[in-house]
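Q: Spelled out from the first residue to the last, the chains are:
There are 2 protein chains.
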Amino acid sequence: MQNIKQYVEQNKQRFLDELFDLLRFPSVSADPKYKPDVLETADYVAKKLSDAGADKVEVCQTAGYPIVYGEKIVDAAKPTVLVYGHYDVQPPDPLELWKTPPFEPTVRDGKIYARGACDDKGQFYMHVKAFELMMQNGGLPCNIKFMIEGEEEVGSSNLEIFVKENKQRLKADVVLISDTSMISMEHPSLETGLRGLSYLEVEVTGPNRDLHSGVYGGAVANPATILAKMIASLHDENNHITIPGFYDDVIDLTPDERNAINDAPYNEAEYMTDLGVDELWGEKGYTTFERTGTRPTLEVNGIWGGYIGEGAKTVLPSKASAKISMRLVPNQHSDKIRDLFTAHFEKIAPKSVKVKVTPHHGGEPVVTPTDSVAYQAAQKAITESFGKAPIPTRGGGSIPIVALFEAELGIKTVLMGFGLDSDALHSPNEKYDIYNYYKGIETIPLFHKYFAELSGS
Amino acid sequence: MQNIKQYVEQNKQRFLDELFDLLRFPSVSADPKYKPDVLETADYVAKKLSDAGADKVEVCQTAGYPIVYGEKIVDAAKPTVLVYGHYDVQPPDPLELWKTPPFEPTVRDGKIYARGACDDKGQFYMHVKAFELMMQNGGLPCNIKFMIEGEEEVGSSNLEIFVKENKQRLKADVVLISDTSMISMEHPSLETGLRGLSYLEVEVTGPNRDLHSGVYGGAVANPATILAKMIASLHDENNHITIPGFYDDVIDLTPDERNAINDAPYNEAEYMTDLGVDELWGEKGYTTFERTGTRPTLEVNGIWGGYIGEGAKTVLPSKASAKISMRLVPNQHSDKIRDLFTAHFEKIAPKSVKVKVTPHHGGEPVVTPTDSVAYQAAQKAITESFGKAPIPTRGGGSIPIVALFEAELGIKTVLMGFGLDSDALHSPNEKYDIYNYYKGIETIPLFHKYFAELSGS
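Chains V and Z supply the protein sequences, listed in that same order. Position one of the first sequence corresponds to residue 1 (my numbering), numbered consecutively onward. Position one of the second sequence corresponds to residue 1 (my numbering), numbered consecutively onward.
Only chain V is shown next, with the shape it has when bound in the complex (with noise of 0.2 Å):
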């Protein structure tokens, strides 16, 4: 494969037609009037797995969003590389807060501006591209499959029956997934693991009804004044969560493990600016990298009660709602931190309101091992194309389906994503640099180059 760089050059303006016709679909699994967009937007993906040369492409029916499925076996000596990703993305609103519109993609300054520019669009079609490349130049040092599913940002909950169904068709020996980022390009990194998620809603009623806020207020618990108290109480003054148990399952790193992660290159001053803030915010003896890639969390995704309109309404509201969710590092169990937060929410709740807990969904950590040969195919690669070595780094997200594959197929996964945290995924303005596309497309052959290689095939 010396003619990576030079293929991609020959076909770069074609690699980016395709792309932004993949962007062009509005493919949002989670609002039903794009239904039909999203069943074009699999068929498309098909078509250019077959185009590609991929064998047995199919669009497989669920429930829901169909799963689009393709493979090229070459050998069955050789080994399997399985890659998922996802057609569907997030709702582009709020609409008015995009300066090109979402699903018409606009290049500005080198970067492609788009809903699912890079999640995950972008970053899984460089696979579909990686993979003619391979085909075109000597043929597939690996054999592979691709699963790529419309459901992603709804909860894949569909995904877990295919797996459970297509255990035999989905046999490999490393999933590769391109749905994360890297700090930067100047300094690429692989990440080694992916918080958990346990996620929740609460409502907290006092009254039974809104009241005169002037007839009664004073002599009768108000929920949203409630319902702040008990979240205010979910932190402590060092910003540790306070819910009994919560950190029990939590394996504390060890002096090494956290000085390699304090290692990647960080500029705080940077960090601030970009999000516009004066002052971080966080539990009191870790950093940054440490608070969003190895510690669990507590976030208020969302809160609401009472009147919310213009102008003034003088109510006592009867009800007010949070949703909340706590993202979970290895060894700490979703389902067993849904239950601490149920049982720890409705205690410290006083007996003038009344709560209820609806878990919505969860899932489960993991932790990618850096000394499996997929690890090292992968950091090899990047060092080739980039140069340099990656820098090993925690993600903060959650992709559920990685602790799926791991339990029903028994693979683990390389996460290597080429995206940035800067790239406003789920945001108005998403967007992804047209080099890190590129880049992908180059250093993905290598990923299989190498793993073949290090697997002795």
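It should be emphasised that the hints constitute simulated quantities derived from the structure, not laboratory data. Nothing here was measured: the structure is a model prediction, and the numbers come from that model. Don't take every hint at face value.
Repeated chains share a single entry, so a pair holds when one copy, or any two copies, can fit it.
Mimicking BS3-like on lysine-lysine, the simulated pairs with C-alpha atoms at most 27 Å apart in a straight line are [claimed, not checked]: (1) Lys347 <-> Lys284; (2) Lys284 <-> Lys12; (3) Lys12 <-> Lys351; (4) Lys284 <-> Lys354; (5) Lys47 <-> Lys356; (6) Lys33 <-> Lys380; (7) Lys284 <-> Lys78; (8) Lys336 <-> Lys354; (9) Lys33 <-> Lys354; (10) Lys351 <-> Lys56; (11) Lys412 <-> Lys35; (12) Lys284 <-> Lys351; (13) Lys354 <-> Lys388.
Using the hints, position chain Z against chain V.
A: Just chain Z now, with coordinates in the frame of chain V:
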């Protein structure tokens, strides 16, 4: 006026029919789509005043909705009663919670269900019918002036201008208002004070955009969490308000005053059952009546931030907001409390967020002197009509125009309300007991009679 009961008895169906006609106008001042209805209501009120015998009836235009004026001057030597009321109503939302349509008055179990049944159409219209009754039964003991506005539910902002520009026309010896409630028909009461109000909106901004709660969670202050902590800190463990200086101007009641307030009949079990709560909540050291009537309070009227739709979104929000209002007691000042709140709220904000405080509106607390001729006249009227003396109570709500009348016209107000706390003002299924409506029409002429007598005319 020996024939009061007889006249009411003979005209009861017509009195009810006319009120029903008035209630059928959806005179919602807050929503511009009802504008033609609000204007028609003003015309209807003017016509009914004329029909009852008022002179100089005028639908007085303002920058907003008109104020209906009418008067009957029988003798310049007699005292003058200025009747204030409002023909506008609160929005009927949420409509789905109404058992019968809000603008189709329906009688169930002796109660009129309709938006405005009690607040304030049912109550001010008693004065129109009592005026008719006096005109038909020996004439007026006092001169009478009516000022019925159409913007009470949206802050009465044009009333202030009208009052300032019409001081001579509005000259009177007392303002008489029926827009409050009694303990019960078995326990008639007279409100001797109203709380003031200071209403503000707060916005807490963390990062400059919504963030992925996995990538950034734990390292950046979450404005919803910070807002919860700030709100939680506004009451201490005894539910005292923690804003420095907040209580400085509060005049503690004497033991006698406290005893008088607590002598009012109160069944805590019934109070809790009506509200559906298992425990009451409030400032330590005070009873329910003291908490709602004599102590300043702070309530969250609304709170919102982050993702509040269906399902789950793992966002770390950029902003969180709340509407917060404080009820004030005599000698506290709305502007001063607004400034104290603002300074405190800005001060307690951690450096990790930015805070914006926006005042909505305010109103001053009022106390009605119980040694005045007008109060004594009201006392005598109720005693005669109900067969027992009224209990003096302190109202928890606010009617900012009462302080306005005192400041601009130099006249005190008598709050002779015939509603009940259970009338669901501002809520679905607002009602007014037919019994209370007739009882009001019977009692009001007695007030005029005794006010004239006690004034020595």
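Q: Now look at each hint and say whether the structure bears it out.
A: Hint check:
Taking the closest pair of Cα atoms, Lys347 and Lys284 come within 27 Å of each other both inside a single copy (26 Å) and across two copies (22 Å). With identical chains, the CA atoms of Lys284 and Lys12 are never at most 27 Å apart, being 47 Å at best within one copy and 73 Å at best between copies. In this assembly of identical chains, Lys12 and Lys351 lie within 27 Å of each other by CA distance neither inside one copy nor across copies; the values are 65 Å within and 47 Å between. Taking the shortest alpha-carbon separations for Lys284 and Lys354, only the inter-copy value of 21 Å comes in at or below 27 Å, while the best intra-copy value is 33 Å.
When the C-alpha separation of Lys47 and Lys356 is checked against a cutoff of 27 Å, the pair qualifies neither within a copy, at 47 Å, nor between copies, at 53 Å. Taking identical chains as interchangeable, the C-alpha atoms of Lys33 and Lys380 are never at most 27 Å apart, the minima being 44 Å within one chain and 68 Å between chains. With identical chains, the CA atoms of Lys284 and Lys78 are never at most 27 Å apart, being 49 Å at best within one copy and 76 Å at best between copies. In the homo-oligomer, the alpha carbons of Lys336 and Lys354 lie at most 27 Å apart inside one protomer (23 Å), although the nearest pairing across protomers, at 36 Å, exceeds that limit.
In the homo-oligomer, the alpha carbons of Lys33 and Lys354 never lie at most 27 Å apart, since the shortest distance is 37 Å inside one protomer and 38 Å across protomers. For the identical chains of this complex, Lys351 and Lys56 are neighbours neither inside a copy (61 Å) nor across copies (58 Å), given an alpha-carbon limit of 27 Å. Taking the closest pair of Cα atoms, Lys412 and Lys35 never come within 27 Å of each other, the shortest separation being 32 Å inside a single copy and 66 Å across copies. Taking identical chains as interchangeable, the C-alpha atoms of Lys284 and Lys351 lie at most 27 Å apart only when they sit on different chains, with a minimum of 16 Å there against 32 Å within one chain.
Within a single copy, Lys354 and Lys388 get their C-alpha atoms no closer than 57 Å, and across copies no closer than 40 Å, so neither meets the 27 Å cut-off.
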